[in-house]
Each structure stands twice: as structure tokens, then as C-alpha cells.
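Enquirer: Residue-level listing of the chains:
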Amino acid sequence: MICAPARVDAVMLEARAAALAKRSIKGASKRAGIDLLVSCMDLTTLEGRDSPGRVRALCARAIRPGFAVPSVAAVCLYPSLVSVAREALAGSSVKVASVASAFPSGLAPLEIKVAETLAAVAAGADEIDMVIDRGAFLAGEGARVRAEIVAVRRACDGATLKVILEVGELGSYTTVRRACDLALDAGADFIKTSTGKIASSSTPAVALLMCEAIRDYAARTGRAAGLKLAGGIRTTKGALGYLAIVNETLGTAWLHASRFRIGASSLLDDLLMQLEKERSGAYAGPAYVASA
Amino acid sequence: MSAVLPEFGYSPSLESTAPLQILERYGLFIGGEWIQPAAGGSFATVNPATEEVLAKVAFADATDVDRAVRAARRGYEKYWRKLRPAERAKYIFRIARALTERSRELAVLETLDGGKPIRESRDFDVPQASAHFFYHAGWADKLAWALAGPERVHPLGVVGAIVPWNFPLLIAAWKLAPALACGNTVVLKPAETTPLTALLLAEICAEAELPPGVVNVITGDGRTGAALVEHGGLDKISFTGSTEVGKAIRRETAGKPLRLSLELGGKSALIVYEDAALDQAVEGIVEAIYFNQGHVCCAGSRLLVAESVYEDVVERLRARIATLRHGNPLDKNTDIGAINSRAQRDKIRELVTSGVEEGATLIQASCAFPERGFWFPASFFTNVQPSYRIAREEIFGPVLSVMSFRTPDEAIERANNLPYGLSAGVWSGSGALAMYTAARLAAGVVWCNTFNRFDPSSPFGGYKESGFGREGGLLGLREYLS
Numbered sequence: 001m002i003c004a005p006a007r008v009d010a011v012m013l014e015a016r017a018a019a020l021a022k023r024s025i026k027g028a029s030k031r032a033g034i035d036l037l038v039s040c041m042d043l044t045t046l047e048g049r050d051s052p053g054r055v056r057a058l059c060a061r062a063i064r065p066g067f068a069v070p071s072v073a074a075v076c077l078y079p080s081l082v083s084v085a086r087e088a089l090a091g092s093s094v095k096v097a098s099v100a101s102a103f104p105s106g107l108a109p110l111e112i113k114v115a116e117t118l119a120a121v122a123a124g125a126d127e128i129d130m131v132i133d134r135g136a137f138l139a140g141e142g143a144r145v146r147a148e149i150v151a152v153r154r155a156c157d158g159a160t161l162k163v164i165l166e167v168g169e170l171g172s173y174t175t176v177r178r179a180c181d182l183a184l185d186a187g188a189d190f191i192k193t194s195t196g197k198i199a200s201s202s203t204p205a206v207a208l209l210m211c212e213a214i215r216d217y218a219a220r221t222g223r224a225a226g227l228k229l230a231g232g233i234r235t236t237k238g239a240l241g242y243l244a245i246v247n248e249t250l251g252t253a254w255l256h257a258s259r260f261r262i263g264a265s266s267l268l269d270d271l272l273m274q275l276e277k278e279r280s281g282a283y284a285g286p287a288y289v290a291s292a
Numbered sequence: 001m002s003a004v005l006p007e008f009g010y011s012p013s014l015e016s017t018a019p020l021q022i023l024e025r026y027g028l029f030i031g032g033e034w035i036q037p038a039a040g041g042s043f044a045t046v047n048p049a050t051e052e053v054l055a056k057v058a059f060a061d062a063t064d065v066d067r068a069v070r071a072a073r074r075g076y077e078k079y080w081r082k083l084r085p086a087e088r089a090k091y092i093f094r095i096a097r098a099l100t101e102r103s104r105e106l107a108v109l110e111t112l113d114g115g116k117p118i119r120e121s122r123d124f125d126v127p128q129a130s131a132h133f134f135y136h137a138g139w140a141d142k143l144a145w146a147l148a149g150p151e152r153v154h155p156l157g158v159v160g161a162i163v164p165w166n167f168p169l170l171i172a173a174w175k176l177a178p179a180l181a182c183g184n185t186v187v188l189k190p191a192e193t194t195p196l197t198a199l200l201l202a203e204i205c206a207e208a209e210l211p212p213g214v215v216n217v218i219t220g221d222g223r224t225g226a227a228l229v230e231h232g233g234l235d236k237i238s239f240t241g242s243t244e245v246g247k248a249i250r251r252e253t254a255g256k257p258l259r260l261s262l263e264l265g266g267k268s269a270l271i272v273y274e275d276a277a278l279d280q281a282v283e284g285i286v287e288a289i290y291f292n293q294g295h296v297c298c299a300g301s302r303l304l305v306a307e308s309v310y311e312d313v314v315e316r317l318r319a320r321i322a323t324l325r326h327g328n329p330l331d332k333n334t335d336i337g338a339i340n341s342r343a344q345r346d347k348i349r350e351l352v353t354s355g356v357e358e359g360a361t362l363i364q365a366s367c368a369f370p371e372r373g374f375w376f377p378a379s380f381f382t383n384v385q386p387s388y389r390i391a392r393e394e395i396f397g398p399v400l401s402v403m404s405f406r407t408p409d410e411a412i413e414r415a416n417n418l419p420y421g422l423s424a425g426v427w428s429g430s431g432a433l434a435m436y437t438a439a440r441l442a443a444g445v446v447w448c449n450t451f452n453r454f455d456p457s458s459p460f461g462g463y464k465e466s467g468f469g470r471e472g473g474l475l476g477l478r479e480y481l482s
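Here the protein sequences line up with chains A and X, keeping their order.
Each step along the first sequence adds one to the number in the working numbering, with nothing skipped, and position 127 is 127.
Each step along the second sequence adds one to the number in the working numbering, with nothing skipped, and position 323 is 323.
In case anyone wonders, no lab produced these hints; they're calculated from the structure.
Among the hints, a few may not be true.
Result set (DSSO-like, lysine-lysine): computed pairs, CA atoms no more than 27 Å apart in a straight line [stated by the list, open to error]:
#1 X:K256 x X:K78
#2 X:K142 x X:K90
#3 A:K22 x A:K237
#4 A:K237 x A:K277
#5 A:K197 x A:K237
#6 X:K256 x X:K464
#7 X:K256 x A:K26
#8 A:K237 x X:K464
#9 X:K142 x X:K78
#10 X:K332 x A:K22
#11 X:K464 x X:K247
#12 A:K277 x X:K332
Here the structure is a predicted model, which is why all the values come from computation and not from measurement.
When you get a sec, could you build the whole thing from the sequences and use the hints?
Expert: Structure, rendered in C-alpha cells:
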């Protein structure tokens, strides 16, 4: 009986998201939340100057982020570095995620997007983070965007597919909701907020509305898709707020790396510093955390 | 490393009561002094979440009421009416600042005495109360422009302010701030179940060195209120409370030379059209009926949903109320606190039972409550006929009646088909349809795609049996000027 709603209204969406982001998460629940955030993290490096050495350092950190802390869920990088990560992560639980499909713009012929995906999977990627062609979506060519997702989905050959919507370029909450519904219908395993390459990325309101889309889709089809938040999440406090949004919109079944990811590079440092503060009662500072 | 993670949930996060000092016994604040009641009577005020006695409070009888009104008259003649308006403003600014400075204490006290979640008293009641004093302080020396244009205006004299238990501090501020700004003095009578923040407000007035008698606070029950209404020494009565008492006050004061404003009950309608943003409409509905446990005179307690999205909205609402966090009002994560009193809890139970007996389907959040304290879970009814008591009587609790409609005109007609008219809510993606609807609803305030938005500059009040007179803004000032 739950249908996809015709529109999303900013006022109450933002009010609800702000109320959830203000949940008071302290003590034992803060420690549990930090562990959970680490275990759901896609530790990411997507820079032009990425090197095999840098990727190996990232992988070492992904496996053992700190003392008595779970491994992260995955490392996320460019296709040409997948094989390096594959080797560095051998024997660990950490997955290799690769961006593909002309990241970050998504502006390339479909054959190239498919070929890039095939190459990443062949090199050992467990997960593919693709971008949608926002230009086509905004021009009303939803069918084309959908066909591209389906084609990349096929090229994934069993690898987990995360579809990046780049919400900051979509202009309105209603449009973001339509993009969520389209990506889920096309078979996305995860829907993901942002490339992290533009200024406006994840916000509590966007996270809330994406959770609502996933919830409604699960009610309609029985398939539980995941949410990946990426871009602009740098503090423990902010990240715990997102956890509250997922917790109260999708439920505890989504508080697991199989359904929730947080893509970040600098957040891990703050999580570890906050965890140390919870454990020792004192805030030690960045010199005590091995940043990669 | 794949450690088993502890399950994520919210640990208790209790607001500290440390900054707050509650006295064992409170007197009456009359003529700038704390005095004992003439007959020496007192009553207990309890924490509705635990049933523990918080303090003993003086019971004011007719003699005490007379002393308070005389003190207010002296304060008016001797000090307040003679003061330059700009000087009055300074005192009111001082009260506003003190409310902000002591906001933590006030919020905790409001929550302890009334049962509302600390999130609400901290983020709504206290900041709004302070905002009303700031807003009206600014008006004090500009009153000549408050009505039609530059003209001479005068205060009325002594105002009797009787406030209810749902927003004890905030509604006291709604009455005190404009009354004082316009040059009147006040006798304030808080509700018997929630007298403590009004007494703290009296302490703040004393610390602000308000001249004696300008603000007087007398505590008691309905008898005290009746004595104040019958006193004869008042120039104006401003009452917020039940329609029943409002009618009694109007009868009592008929033909007497005093001004009256009443803000009474309601059974406000929420209209959700099929083109509404449904998740946000559900948030609006939750805000409308579950805010402050539904103890809100303008609560949206009748939901009218377009037939085509009725099932969808009911499903979303059912899922949403399951996520509401009921429990200790002092916990910062609590959404629904305690029912204000045993009597109110019993009244809610009685009306909910009548709904079930008349044939409606009850849907409730399932949650475990402590053994002590007064509680009621977030609830709504489906299969409601417009003639059922739950669709016509004010429940004043977290209970909503859900019905469907086909056309906008049917929705409007059904929304208006009650003797009340305090507020209404409309959800639609079409501005034209929302405006068409709003213009035809007989309600003092109509919120579109949101609910419970308040501002000191925006007047609030009712149609029909929801009362008359407005509080807030320019229209609110008129109530205290001649």
C-alpha cells in the first residue's frame, strides 16, 4: 500500500532530520556507535596523485585502524589501483571497492563505462561505486539513466553495485527522491549520496529522504537495499547523527556494513580520537592517531 | 578482525537537575514580597512521571486574592503607570534576559512539574517565553503606533491572568509580557498541577527589581481562579483553559466593566491532500498531535486524508508512532513524556474506551511504562465516524482520529463542522489548493505543510467556542490597551 510519494517537502524534512541529528548519544551508546561507524566505513582515496604506496598504507589502516577497533568495511579507490589493494588486503575481511563509469562526472559513452566496470571487477573489485549521468537525468532522460545502471549492473557480475546520485547537483529534494526510486528500481544494491568531489554533498535531510526511499522500496518489493553516505562527514558527532537517522528510519537491521556504509577519508581520525577519549577520559589529539 | 559489535541503541541521557533548587514550601508573591496565605492552607505539587511530591505550595483563598489585587492596584497607581515607557521596557528586557540566563533551571523545572520532555521545554517553552518578553519590551515605548496610527493609548489597569498546565511558563509569558509592556500590572494564577515555574518567574521579577505589586503570583486551584474572576477589582481578565471554565467566566463577568479574552479548547483538523509530500505530512501530523503528549489547545486531533492516499498515510503513521520514544521526561531522547496528572490520564482513558466501544479501531505504540507515574502511549483511531465522541470532543492527549474525504469542499465542510476553531493544518503540493482551503477554514491559525510554528509577532487565538481575543503581535497588544 506504500507508494512512491509525489514530492518531498523541505520544511518538515529538514525539521525531522535536524531533530534526529540532535539525538543525545553518550557513553556506552557512543562507544558502540563509533565501533559501528568504523565497521561500516569505506576508507577512501580518490585523488589524482594516488600511488601504490599510498594505497598499501590505506589498506594496512583499513585492516587494523587502531587498538581494539574493528576493521573497516572496504577501501574505495580508482580502478587502476584495485590490484594493489587486492594484494594488500589478502586474507582480511576488508572489501575492495572501485569507482567506475567515468567517475566523477559520469560523462562518457556507455561502452566505456561498461568496459571500466569489467576491468575493475576483473582486477578483483568486490564492489563498484558508479555515478549516474546527472545531465541526462535532469534533462528528463530517466530511461537512459536507468538503462545505464542496468548495463553496469550486468557488468558487475555479482559485485555489489553502489549508485552515486550526486545529490548536490540534483537541485531539489523531490528530484533526489526520484533519482533514488529510479536507481533502486534499476537494481542498485546501495544508493550513495555523493562523489565527495563537489562542495554540497551529504546532509542530514538528504540522508533521511534516502532512508525513506529505501524503506518504501523494501515495503513495496521486499528487497532491502543499502545506503552509503559520502562527502563532508568529518566529525564523530555528525556521523552519530546520521546513525540516528538510519536507526529511526530503517531500523537496527540496517545498522550493519551489508546495508550501511559511510565513505570518508578524514572521519576515521576523529572517530579514533573520540574513542580514545571515551576509554581514557582524556582527549589526546591527532598526534596519537596514525593517519594514512 | 571481525569482532562482534555491541548492539547500537541510545543510553539514558538524563538532563541534570543539579542547577535547580526547589524549596520545600512556597508562599504567595504579593506586593513584591513572599507572604504566607491568610488561612495558612497549602497543597502538594507532584512530578507526574514519578508521583513524588516536589513541593508544598500555598493555597490562596478569597482573602489572599483580595490582597493580591490590592497590591496590583497600588503597584499600578504608585509606580507602573507613572513610569516612562522606555523605563518599563528596561524592566521587561531584564526579565527576558534572566529567562535566557536561567533557561536550564526553568526547563528542568517545567519538565519535573509538568511531565513534558526536556527536549521540548529546553527547545520550545523556555526560548519562546523569553522571546515574548524580548518582543514586547521593544513595543513598550512605541505603543502610540500599535493601533491605527500615532494616537494616545492607555493601559487598562490591573489584569488577572489565569493560565493552564500545558505550557505553564510560556502562556504566563504570553499574558505577562504584553500586559506589562502596555503599562498594566498583573495578578497571575498558575494551574494547580504546575505552579512551580510561575513561582520561579516571580523570583526572577523580584531579582529584576520590578516595583512592588507590578507582578503578583497566587497559587491555588479552581476556587482561587473563581475568587479572582469574582473579585471586581480587575480591569481585564485573560484566561487560557477549558471551554467549560471559559463559559463560566463569561457568564460571571457579563455586564461588568472589564475586558475579557479567552483562549479555550479545540479539536483542530488536519487535511492531507493526495498531492502532499506524504512523509513530511506524517511528520506534521506527529508534531500536531503528539507534541507535549497532545496537551495542546491547538493540537490537530482530527486527521482528514484524501481517500486515494488514506491507506498509505495510515501505514506510514503506524510505522512512525512505533519509533516514538516514550518515557522519562528528563531523558534528552524522550519524545513522549508523562501525562500531566492522574485526572487527565483518566479522562484520556475514558474517551479512548468510548472510541473503542463506539466501533473505531485503536492503533497504539507498544511500550512498557514504569509502574508509577501517569502515562499514555501515542495512539490513533481508524474507522472513525464523524459522530463519535472521539471525533467531536477534545481529548487533550496523544490520541488522533483519522478519517477520509473525497473532495476539497467535503474536507473543508467536515473540518468546520464543530463548535471549535483554534487551528488547522493543510498538506498539499499545490499552493493554490492550500490557499483555497485555508481561506475557507474557520480557524484562528492555519498552518500549511507544517504545524505548531509560533512567533511572538504572530497572533494566536480562536473562533467560536475556542474563544476570542488574540495573543501575540499587534492584535495581541490591543487586548491590553484602551
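Enquirer: Could you work out which of the previously given hints the structure breaks and list their numbers from low to high?
Expert: 7 and 8
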